[in-house]
Structure formats: structure tokens, C-alpha cells
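Student: Here the protein sequences come in this chain order: A and B. Residues in the first sequence are numbered from 1 upward in steps of one, following full-length UniProt numbering. Residues in the second sequence are numbered from 1 upward in steps of one, following full-length UniProt numbering.
Where hints are given, some of them may not hold.
[Unchecked claim] Computed cross-link-like contacts, PhoX-like style, restricted to lysine-lysine with a CA-CA straight-line distance of at most 25 Å:
| no. | chain 1 | residue 1 | chain 2 | residue 2 |
| --- | --- | --- | --- | --- |
| 1 | A | K47 | A | K5 |
| 2 | B | K86 | A | K55 |
| 3 | B | K131 | A | K47 |
| 4 | B | K86 | A | K57 |
| 5 | A | K174 | A | K5 |
| 6 | B | K64 | B | K86 |
| 7 | B | K131 | A | K55 |
| 8 | A | K47 | B | K86 |
| 9 | B | K86 | A | K5 |
| 10 | B | K399 | B | K443 |
| 11 | A | K47 | A | K174 |
| 12 | B | K42 | B | K131 |
| 13 | B | K131 | A | K5 |
| 14 | B | K86 | B | K131 |
| 15 | B | K399 | B | K388 |
| 16 | A | K57 | B | K131 |
[As the list claims (entries may be wrong)] Here's a subset of chain A near chain B, in silico, CB distances under 7 Å, partners left out:
| no. | residue |
| --- | --- |
| 17 | I40 |
| 18 | V42 |
| 19 | R68 |
| 20 | S71 |
| 21 | I72 |
Keep in mind the hints are simulated off the structure, nothing from the lab. In this text, a Cβ means the ideal position worked out from N, Cα and C, and glycines have one as well.
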Amino acid sequence: MEDYKFLFKVVLVGNAGVGKTCLVRRFTQGLFPPGQGATIGVDFMIKTVEVDGEKVKLQIWDTAGQERFRSITQSYYRSAHALILVYDISCQPTFDCLPDWLREIEEYANNKVLRILVGNKTDREDREIPRHIGEDFAQRHGMYFLETSAKEAENVERLFMEIAVELMEQAKCKELPKYDGSLGPINGKTTSVGDSSCCLR
Amino acid sequence: MSFVKCCFEAGEGHDFLDSFVQKCTDPGCCCGCCSALRPHYKRLVDNIFPANPQDELVKSNMEKLTYYSLTSPEKLDRIGEYLFQKASRDIYRRRHGFVIIAMEAMDQLLVACHSQTLNLFVESFLKMVQKLLESTDPQLQILATQSFVRFANIEEDTPSYHRRYDFFVSKFSAMCHSNHADTVTRDKIRLAGIQGLQGVIRKTVSDDLVENIWEAQHMDKIVPSLLYNMQTAEKYETVSCMEGGSGAEPPARLAEACLRELVGRASFGHIRSVLRPVLTHFDRHELWIPNDFAVHTFMIIMFSIQAQYSYSVVEALMQHLDAAGSGGTDPRARTRVRAARATVLSNIVAIAAGDSVGPSVLEIINNLLTNLRSSVARDSEQKETDEKLYQEALINALKEFADHLPDFQKIDIMMFIVNKVPSIQRGNKGTKADAMLQSILLKSLLKVGTTYRTTELSKAFPAAFLEALLRAGAAGQARARALLQRILHTLLDRRGNAQRLQRASVDYAELGLTIEKCSRQDLIFISKHGYALFSSLYEGLQLESNTMENVEAIYTTLALICIELGSEETVCDILQLILAIQQSGLSNPVLSVAQQCQLQAVSISLAALLPHVMMLPRLAEYIHKIIVARREEAPHLLPPLREDYDDLHPSKMPNKLPYLMMDLMALCELLKAAGVEAARLSASSPYAAGSAAAPHRHSWVEAGAAAGRDSLAELAAPATELDSANSSPGLQRQAQYDDLDEEYRMFIEKYNHNHRPSKQDFGTYRSDTDFWYWDHDDVPAFRSKASSVYKQTQQSVYKRSLQTWYSMNILGRVQCHVSQRVMRLPAPLFLSLRHVQRDTTCDVTLKANFCVHVYRRSCTHVMTILGRECVKRCINVFKLGLLVTCIFVNSSTYVLQFIYRSPYCQVQR
Ligand SMILES: Nc1nc2c(ncn2[C@@H]2O[C@H](COP(=O)(O)OP(=O)(O)OP(=O)(O)O)[C@@H](O)[C@H]2O)c(=O)[nH]1
Ligand SMILES: [Mg+2]
Chain A
1 MEDYKFLFKV VLVGNAGVGK TCLVRRFTQG LFPPGQGATI GVDFMIKTVE VDGEKVKLQI
61 WDTAGQERFR SITQSYYRSA HALILVYDIS CQPTFDCLPD WLREIEEYAN NKVLRILVGN
121 KTDREDREIP RHIGEDFAQR HGMYFLETSA KEAENVERLF MEIAVELMEQ AKCKELPKYD
181 GSLGPINGKT TSVGDSSCCL R
Chain B
1 MSFVKCCFEA GEGHDFLDSF VQKCTDPGCC CGCCSALRPH YKRLVDNIFP ANPQDELVKS
61 NMEKLTYYSL TSPEKLDRIG EYLFQKASRD IYRRRHGFVI IAMEAMDQLL VACHSQTLNL
121 FVESFLKMVQ KLLESTDPQL QILATQSFVR FANIEEDTPS YHRRYDFFVS KFSAMCHSNH
181 ADTVTRDKIR LAGIQGLQGV IRKTVSDDLV ENIWEAQHMD KIVPSLLYNM QTAEKYETVS
241 CMEGGSGAEP PARLAEACLR ELVGRASFGH IRSVLRPVLT HFDRHELWIP NDFAVHTFMI
301 IMFSIQAQYS YSVVEALMQH LDAAGSGGTD PRARTRVRAA RATVLSNIVA IAAGDSVGPS
361 VLEIINNLLT NLRSSVARDS EQKETDEKLY QEALINALKE FADHLPDFQK IDIMMFIVNK
421 VPSIQRGNKG TKADAMLQSI LLKSLLKVGT TYRTTELSKA FPAAFLEALL RAGAAGQARA
481 RALLQRILHT LLDRRGNAQR LQRASVDYAE LGLTIEKCSR QDLIFISKHG YALFSSLYEG
541 LQLESNTMEN VEAIYTTLAL ICIELGSEET VCDILQLILA IQQSGLSNPV LSVAQQCQLQ
601 AVSISLAALL PHVMMLPRLA EYIHKIIVAR REEAPHLLPP LREDYDDLHP SKMPNKLPYL
661 MMDLMALCEL LKAAGVEAAR LSASSPYAAG SAAAPHRHSW VEAGAAAGRD SLAELAAPAT
721 ELDSANSSPG LQRQAQYDDL DEEYRMFIEK YNHNHRPSKQ DFGTYRSDTD FWYWDHDDVP
781 AFRSKASSVY KQTQQSVYKR SLQTWYSMNI LGRVQCHVSQ RVMRLPAPLF LSLRHVQRDT
841 TCDVTLKANF CVHVYRRSCT HVMTILGREC VKRCINVFKL GLLVTCIFVN SSTYVLQFIY
901 RSPYCQVQR
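Using the sequences plus the hints, can you model the full thing?
Tutor: Printed below as a string of C-alpha cells:
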């Protein structure tokens, strides 16, 4: 039913293989896909959730981590309301790349975008990045932080729900245009959250 | 019948309720009771759905719904909304059969409703499409795309300016990258994605108010999506514009067609927005090496872009030559990428040549030279073969470009290049980089020179150019000097003799030389410049550093001069030079024995050539005697030249054999006997005996230079009409020159003021029409002339030419949207087009097509080849278009030949 009050665009970024697609599919479809192939370009998923009795529609753009798609994926940052930056807690290089990712986000995304750092694959035994290291990094760069496991469905729901809550609060306090389905604003003419909102923190 | 019941049960007719609902147009008026009822339109909508989702749309009820919405268009928005609500619910419940039916109904309504009411409906229609696109089911996504495309093809009178398409661009681009496990489905989704993008482009491209599709956020999605699909195709054969055909993968083909359309619709301001993501994509996906896909893509762009902008593509690629991005940090990989980009450039640059006007031509040349220079600076040691490949590719690009320019521009370009050659003082070796750059620039010069076809020597060698050439020839290393001689060869050799004269010889009879009598103009040329030319060549033979290659190269030059310019008037000068060479080979102390012997062989060879050029039988006899004697006694004084003459006995040294030399007095006698005025020959020789440090050497060069300047002024004197770049598109670019060096600026200035007497170039065409004289006309006058010319053009001919143009379109140009292009034509041209269109005998679209193609093609081929005229302004363009029409009267095949030979058609092969 198209009676959602808010529409938010969420973009996932991060190195190839950190589990972005798995996170999205866990959240939208409730499953952990075996043998998930690398994403090409960009994938799109939708999920409507309920916050305080109001429906919030999340448009989720899952980008490819591979270098060669970087230019097309960057073009999706701009209209994002929230950017989820994912690394793999069992893979140091994916963490080392975070500053590069932040630079890209700085360059291409709206500067008011909600940024969340996610350390994925907590179910794995061979952890390389301790939780507090990730937390520190997030704090230093003004990001929210969460550790998840797409495989064990740990914190996945929470991740997206918190994004929805946070964005809704922002939207309410800034009186963002509402996405009232019955009035039918189509195709996100109100993409520019950041243009009008001024505060995140 | 209970009131309550009817509120909840749909599908049955309740007439009293119908009338009630219909009267109640304002939903707020009846205290909420209406909302509890099921209004007529809802029942009509409900009725179109079959009981079973597997069944089809109920046709008869659909007709009723359509009829209702046509008669009550104010209900359309609610019908749309209701259909949307129903479909949303059905998607949620996974009853896809009903979703498909709802979409089909919306499609039908969209087509049926009138354009004024369309806007009411579009909103919910697009919401529906979006809803379907959001589903994970490929079938629904594809269905939605088809509906969207249908919508995109509808022309709206007043498109809604607040409608936004960025979701569609984002989603369709994502679909273009589908990674569905099943490849058949994957290709279907990708194809749908491309179709969707094509729809968005069509919908938005013509009206920036709707959504500026050219913005980076859209182009950065659309362009890579198209390229990604193209690059996966097995082969990159250029797809002809005709639909149908078979073979290539559909997504790749459609992506290519879509790219063509996009590029074709780009106006000047938008080209960069398309090109930037193209270049980035090639970097990111490392598609430069191997470069066949890059060549393919850029060809497509060149052939699709509006001709007058093709220069922008060249410019963008040139600016990208050096860009980082691909190849990472490895400098060798970067060089390889650079070389690959330059090769792509050399492949497309020719296409732009036809459309480039004065300043942009030189900008391209200047840019290529600058790149060459920085390449040399990077690697003056020539250790890197990759760097060398890059330079080769750049030089090739230079050649390709020059090849498609009119001849007078080639000379300008050569002049431009020769002025860039760093002068290296003799004796002082200069830096390695300088020497390297010198030889590279001379190589470029040679490449450009080979594309030039000399007719008149005075045109091939404007004085300033000759002077610069000779100056460059006097300096530099042996290799460079030999190169310079080769440049002279290509420019001097009008009759294809150079190849036969590579090696010195005395047996000319067997060589099959082509010899014609030289013209008066040639004689004027040589009388002006002969001195400078001869003395420079003479000096060139006196250098200690000469290799055999140098000596032989100068021999070839001199032999060509004998053939091209040999006559009674010049024979004295030539003989004087020959004797001076002979003498220097005896007395110049810096020369090695080998060089001395070589000079003897060269002088006798040249002397033996003279009787072949003109009737001098006694000279032939005399030379023959000497040759016979040398053959007996001193074969080392005869050709072929040798690298070394080491085993030479001291008694066989040239200066020990005075009786085997040509004698001045004897030659004078011979000439007198043949009736030639020989006084000049016996006068004292201007050639200093053998020393490289001859005191008056400079004064000659100077004299030549002074004369050169005079004659340049002469040449420039008749410079006439052509109102420079003032009205040409190149003018805007002038602002960008700031960063170019002063030398270049001056050249541009000179270029703009020193116009070509271009009318003289037209030869036979001039008499055909008087079109060429319209240059000064203002627009109204032009219009009236256009109409009169048009009237003169016979109807049948006109028709024929239309058909020809039309069939040429089939050669593979992308189909252009006629109405749009016509609109984009510049005003004066458009006025004339209207005139053409008033003609009622031909099919209107055919006419429009004709004009469009005349316009497009005239810019590229006809302009270049037929009229060697610069594209000065659009008036000329259309003028040429009409000219082409008229030429069809006489020689349509001729024109066709030109067009077939042109680069446009080559890509089809
Ligand atoms: N153990 C474990 N493995 C995971 C988890 N999430 C993802 N993976 C695995 O990591 C691999 C990559 O997952 P993807 O979701 O495709 O990674 P991605 O970030 O989407 O990669 P790209 O699309 O190439 O950018 C897959 O083999 C998954 O099975 C997780 O939470 N735990
Ligand atoms: Mg992925």
C-alpha cells in the first residue's frame, strides 16, 4: 500500500565483499543468500517500515565495491539521505580503505548526509578489527557505529530501523516535505534533504 | 436493497446510487457518506478485472471504462489513483496477474485520453510504473519499463515541469547492470533498462525545463550504463541505423543506438557532460588497451555528434591524453594508456578535420605539438619504447588530421610546425631533448608534407615557409638534416619521381622518369628563391658530419629541382651549382675522402641528368665522355655512392685527376653552341670554395629572407572577402587562448588576417553557379537569392537529389529526429528551409531530411572536398547545400564519389 509518510534513500558503500548485498537482502528479504555474487554497478531494493505508527519507505541503493564501477556508484551518493559505510571486521584492508571512502563521500555526497559506519561479519571467528577501533574511528569522523552480521541477522534490522528513526526525526524537526502517498509526489522531487536541513549533530 | 450492503459490494449496478455519486462532485460535501459508498468509477475499474488473476483483462468492461474516462475526464485522476491503489495491494499480495492487468488498463487509458487531460492521469500512471519497478520481480520491472516507454513516446502539449525523473534514471541504470543469475532474464532486464533510459532521454532532452537530463548526476549514470552494455558485446561492429538485422546481442545494439541518439541530440553546451563520463568510464574499466572498443565508441560519437561540434570531441580527448586515472601509478602503464588514447585520437581526428575552422585547426595542431613536446621532455633518452609509441601515435594523429584539410591549410600547418622546431646551432649540439624534439617535429612535418599535393611550387613554398625550412635544414644533426631533405622531396616532387631518384645514378634512361616542361610560374618561383635554395643545398653538402644518407638526400633534392625546374633559363644556375659542388669535392679541407668522392659522383650524376630534362645533345655527349673515362680510370668518382673508399690509392684521389673533371669553359662552349645564354655561368661563382665558414653565407640567407618577406606581402595582397573568424563558431574559443604561448597567438592573428584567395581554388565549380559570391550578402539578400536559386533548380533534379541524399542516409548515419534538428539550424538557414518546405511537390519529411542532410553533410564532406572554403558561417553552409543540389544536375556521381571516399563512409566498410 502506498500510504507511507516518508521516503528516504539509503546508499550502501564499502569495499567489495564486505557484505553490503547480504545486509540488504537480510533486511529486505529476511535471508542470507548463499553464494552471493559480486554486485555490478548498482542494485536497488525497497522496504517499508513502521516508526511510531508511521510508515517509512526506504529506497536502498546497494552499490558495487569494485573499483571499476566507482564512477557510476559515486553518482548515487548525491541524492542519499543516509550512507552506510561497511567494512569487514575480519579483513583489515577493508578497514584501511575507510579514509578513502570518506574522501569520496566528502566529495560526492551531500554534506548533511547521515553517515553510519558498519563493521559486518561479527559471526566470524577470525576478527581482525576490535570493536573499539571501529567505534573510535566512527566517533572521530562523526559517524554512527554498529557491528552486524548479515549471516546471523544480528543488528541488521536495528541498523535500518535506527536510520529510519533518525531520518524521520530530522525530517520532522526540519519539516521536510512529507511523502504522503495519497498526494502522490512522484519520484523524489524532494531528494534534497540536505539542502534544507541544517543539523545532524 | 440495503444501503449499507451496496457500500461494500461492488460490481452490481445501482442506478440511484450512480446518480447520487455523480451529482456529488465534491467529495467533501456529503458529510463523509460518499466515501463509504463505492462510486461509479470504482465499480467500472473493478469490473475490468477478471475473477481469476490468470485470466485476461475484461475487454468489454475496459471499453466502458475508457468511454467513461473520455466523457468524464475530470475523473481520470481518481481512476488512476484507484487503479494504483489496487495494484499496490496486489503487488503486496503477490497477485501479479492483477498487477499486469492494472498496468495494461493504465496503458490503454493513457493512450486514449486527450492531451489536455493527460496530466491528470500521468501522475498516477508514473507512480504505478515506479511501484512496479520497485518490485523484485523481473517480469513486473520489464512490464513497467514497457509502459514507461509508451508514455515517453507520447508528445505532451504542456509537460509537467515539476515532474522529476531521477528515480527512473537511477533505477533504469541499475537495471542496465543487472546481474540476474539467469542470463536470459539478465539480458531482458538490461535491455529494459536501456529502453527505459532511452525513454527518459526522449522525454526530457528537448526541454530543459522538464528535467535537465544533461546534468552530471544523470549523465554519470546513463553514459556508463550504455557503455557497460556495449563493451560486453563480442564484436564492436558499427551497427547500421536500419533496425532489424540480426546477429549482435540486443542490449549492446540498443545501447549503441541510444548512445548515438544521446550524442546526436547534444548541443554545444552539453557535449562535455556526455564526454566526461565516457572518458572516466574508459579509465575506470581500463578500456584503452586494447583500444578497439575505444576506437569504436569514439567513432560512434564522431558520427553521431552534430558535425559542427565534432571538434569538441577531439579537444576533450586531447585534453585527456595526459590525464591520470587509468594505469595506476606505474609510469610505464600510464605511457601505454597515453599511447592508446593517442591512437584513438588519430582514428577520429580526420573526421573532425572537415568541420574545423581556422583557429580550431591550429588549436588542434598546437595541442598535439604540445603533447609531443611534453612527451619528449619526459623521455629525451628514448629509452622507453612506450613513449616512442605514444609519439608515433601523436604524429599519426597529426597526419590524419592534416590529410583531411584543404591544401592551403596544410601549408599553414607546416609553417606552424616548422616555426616550433628548436634551432640548434651548428657545432653546438644543443640538449638531447632539443635534438629529440627537433627530429620529432621534422617527422611530423614530413607526415603532414606527404599529405600535400603540390601543384604550383610557389604555393607549396610560400617564401616565409621556405625560409624557415632552409633555416631548419642548416641546423641540427645529420639525421634531422636528412629528414628535412625528405620533406623537400615530398613537396618538390610533383610527378612521382622521388622514389626513382633515391640513389645517385648516371643511367637515367632506364629509370622511367616523368618529365614535363616547367611553367612560367615555376620559373618565377625559382628566379625568386633559387639562390637561397641552391646555396642552402650547397652548404648542406659541405658539412663534415654528413653521412652518405645526407649526401644522397641532397642529391635527390637537386635532381628533383632539375626535373621540376630545368629549362633554358635555369640551366646556367644549375650547372654553376654542379661545378661548385665538384670544386668543393676537390678543395674543401674538412671533407673526408669518402665525402669528396661522393660529391664527385653527385655532381656528375646531376650533370648527366640535365640532358634528359632538356635538349642538350652535345652536353650529353660531353658528360658521357667523362663518365666513360672515369669508368676506366676512376670508378670511385661515379655513382653508386659508397660508405667508404678506404682502399683508395693516393694517386686516385679526386684532386689528382683534374682531367676527369667537368670543365667550366667546355660547358660554356657547349651551352653557347646550343643557343643558351651562358654568360651567367662564366661569371664568377657565388659559391664559396668549400668552406663551411664562408663569410658571406649569411647574407644569402638574409637576401632570400628579405625577398621572401616581399613576396609574402604580395601573396597576401589579394586577400579578400572572408570576414575572418568574426562570425565563425571558433570565435568563442578565442578567449581560451590565454594559456597558449605568444608565438601561437601571433600565428592565429596572422592566420585570421592573412586570408586565402580562396575563390581561385574553386576552378570548375565557380562557373556553375554564382553562389560563391554571396559572401558579403546580408541575410535578406541571401534569402531572396536562395529563393531564386531554388526556383532555378529543376523540380526533377531536386527530387532526384533528395532521393540520393535519402539513400545516403541509409549508409549508416543514425536516424535523426528531423523536426528537432531543423529547429536547431541557425536562423538564416532555417528561413531558407521554410522556403524549401513551401514546395508542395515533395513529401515534407523527405524535404526536411534533405535539408538536414545537406546541412550535416555539407559541413563535413562537401565543405572539405568540394569547396576548399572555410566554414565561415552558416550561410555558406546552406549555400553549399544548394550548390550540391545544383551539382547534381551535372555530376551527381562525382559528388557521390567524394562522399563515398570520405571518412564517414569508411567506417561502414
Ligand atoms: N560470515 C559472514 N559472511 C558474510 C556476511 N555477510 C556477507 N558475507 C559473505 O561475504 C561475501 C560477500 O558478500 P556480498 O554481500 O556479496 O558483498 P558486497 O559488499 O555486496 O560485495 P560487492 O557487491 O562486490 O561490493 C559473500 O560470500 C557472503 O556470503 C556475514 O555477516 N558473515
Ligand atoms: Mg554487493
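Student: Given A/I72 was flagged as interface, is its beta-carbon under 7 Å from a beta-carbon of chain B?
Tutor: Constraint on A/I72 satisfied, holds at 4 Å.
Student: Given the hint that B/K131 pairs with A/K47, test it: the Cα-Cα distance must not exceed 25 Å.
Tutor: Cα-Cα ~12 Å, so holds.
Student: Within 25 Å, alpha carbon to alpha carbon, are A/K57 and B/K131?
Tutor: holds (12 Å)
Student: Hint check: is the beta carbon of A/I40 less than 7 Å from a beta carbon of chain B?
Tutor: The hint holds - A/I40 has a Cβ within 7 Å of chain B, the shortest such distance being about 4 Å.
Student: Hold the hint about A/V42 up to the distance rule: shortest CB distance to chain B must be less than 7 Å.
Tutor: holds (4 Å)
Student: Does B/K131 sit within 25 Å of B/K42, going by the straight-line distance between their CA atoms?
Tutor: The hint holds at about 20 Å.
Student: Any CB of chain B closer than 7 Å to the CB of A/S71?
Tutor: Cβ of A/S71 sits 5 Å from chain B, so the hint holds.
Student: Would you mind confirming whether the straight-line C-alpha gap from A/K47 to A/K174 stays at or under 25 Å?
Tutor: This hinted pair holds, its Cα atoms lying about 24 Å apart.
Student: Sort out whether A/K55 lies within 25 Å of B/K131, counting only the CA atoms.
Tutor: Measuring from Cα to Cα gives roughly 16 Å; hence the hint holds.
Student: Between B/K131 and A/K5, does the CA-CA distance stay at or below 25 Å?
Tutor: holds (16 Å)
Student: Given the hint that B/K64 pairs with B/K86, does the C-alpha gap stay at or below 25 Å?
Tutor: Answer holds: B/K64 to B/K86 is near 19 Å, not above 25 Å.
Student: Grab the minimum C-beta distance from A/R68 to chain B and call the hint holds if it beats 7 Å, violated otherwise.
Tutor: holds (5 Å)
In summary, this structure violates none of the numbered hints.
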